[in-house]
Structure formats: C-alpha cells, structure tokens
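Top line first, the protein sequences correspond to chains A and B. Heads up, the first sequence is in our numbering, so the first residue is 1 and it goes up one at a time. Heads up, the second sequence is in our numbering, so the first residue is 112 and it goes up one at a time.
Note that these hints are calculated values from the structure, not bench results. Here the structure is a predicted model, which is why all the values come from computation and not from measurement. Beta carbons: idealized from backbone N, C-alpha and C, even for Gly. A couple of the hints might just be wrong.
[As the list claims (entries may be wrong)] From chain A, some residues computed to sit far from chain B (all C-beta separations above 10 Å):
1. I12
2. S33
3. Q41
4. Q48
5. R63
6. L67
7. N77
8. G99
9. V111
[As the list claims (entries may be wrong)] Where chain A lies over chain B, by a calculated footprint (3+ residues, C-beta under 8 Å):
10. 125-133
11. 137-149
12. 211-217
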Amino acid sequence: ETGVTQSPTHLIKTRGQQVTLRCSSQSGHNTVSWYQQALGQGPQFIFQYYREEENGRGNFPPRFSGLQFPNYSSELNVNALELDDSALYLCASSPPRGGAFFGQGTRLTVV
Amino acid sequence: EDQVTQSPEALRLQEGESSSLNCSYTVSGLRGLFWYRQDPGKGPEFLFTLYSAGEEKEKERLKATLTKKESFLHITAPKPEDSATYLCAVGLNNNAGNMLTFGGGTRLMVKP
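Model the full structure from these sequences, guided by the hints.
Given below as structure tokens:
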C-alpha cells in the first residue's frame, strides 16, 4: 500500500458537466502528479504540482486544472466534460528523491 | 520526441515458463527507468527504478535490467498470480519529482 488515497473511486457525469477529483499524498512527499489512463493504454501525464504551483504540464487543454494544498493534498478539476474524458484518473505522489507512487485511481465515466 | 515502446503487447505463459518483457526508449535527459505492475481497475504498483546502464534489480521472480536504449523485465518460473499488466516509464529531467512517460504496457497471462 502506497499511502496515496483518491476519492471518489467511481464517478458518472454527464457531458458538459464539471468534476473535481481528490488526492491525499503520502506523508513526506512534496510533489503530486495527475495522469489519465484510457482503457488498454499506458497512463498519460496531465500535470504536476510542487510547492502549490504547477511546474509541468502534458498535452491537455486548459479545461484540465488543478490545485495543491499546503498539506500536499491535491485536486484535479475538469470543466466541460467530453465523452473522451472517460478514463481512470491516477494521482501519484513523489518524495524529494524522485519516483512516483500511485493511488488506486478514480474511474470517471462521461455519458 | 520522447518515446517509450513496450513489447510484446500481450504474452501468454504456462506456469514455470520463464520469459522477458521489453521496454525500448528514446528520450533526452533520462532520469530513471521505472517498472510498475498494474492489476485491472487499480493503480500501478511500483516495482523497480533503474538509473544507469548495466544496473540490475531483483524482487522475487522478477529481475529488471537496463541498457542505454532498452530495459528488460525477466520473469523466472512465473505463477498465475504474476498475471497483470506490466508498465515501464521513463522519468524526464526536471527539478521536482518525476514526470513519467509510459509505454503502452505488456499484458501478461500465466496459466496454471
């Protein structure tokens, strides 16, 4: 068990709606990253937060946004949901030495 | 462009039949090669990190090796409980944590 927890575990939303996913990082980890994993594919990097600021972003539009809080927990917000946003969303926390430890993910279904 | 390719996409083995999974990469500024195991519907579980060519790490029936262009995950005498998707990822040079670029994974099925 990694100590990274995500909520909720499953979520169903309607196209056009907004969603917020939450992640509680492992103690001592100061960096949090979010990934999107479509069925049958490897995870794709969305963005990373370090000291409450975004410091890296993958090829995702601005309707994907995030926050990191002083206690290193994090949120992923997605606006104007599209059907293709249906995926497993993974949060990963990283210690100062590097590496990434993942939570169990949130399965988002957009209908 | 940074790229990670895993082969084969799927692999069926009989229990006890050893084999290897391949992860080839073309990246600039490699900062670690990571192997993960992922069970259906769950998050990836960390297995190994390799940092330099020639490095090897072992854990139970798994052994990971690294060259300048690829990594192998060797599975010795696999058991049905080793069935999972195995993901490799490369960490890119940045100053905080690791941004990982993943391959598509190898889906391993071990039959009793």
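Checked hints:
1. I12: The claim stands: I12 of chain A keeps its Cβ more than 10 Å from every Cβ of chain B (closest is about 15 Å).
2. S33: 7 Å, violated
3. Q41: 6 Å, violated
4. Q48: 6 Å, violated
5. R63: 20 Å, holds
6. L67: 16 Å, holds
7. N77: 20 Å, holds
8. G99: 6 Å, violated
9. V111: Check passes; 19 Å lies beyond 10 Å.
10. 125-133: violated (count 0)
11. 137-149: The restraint on the segment 137-149 of chain B holds, since 4 of its residues have a Cβ under 8 Å from chain A and three suffice.
12. 211-217: Per the Cβ count (6), the hint holds.
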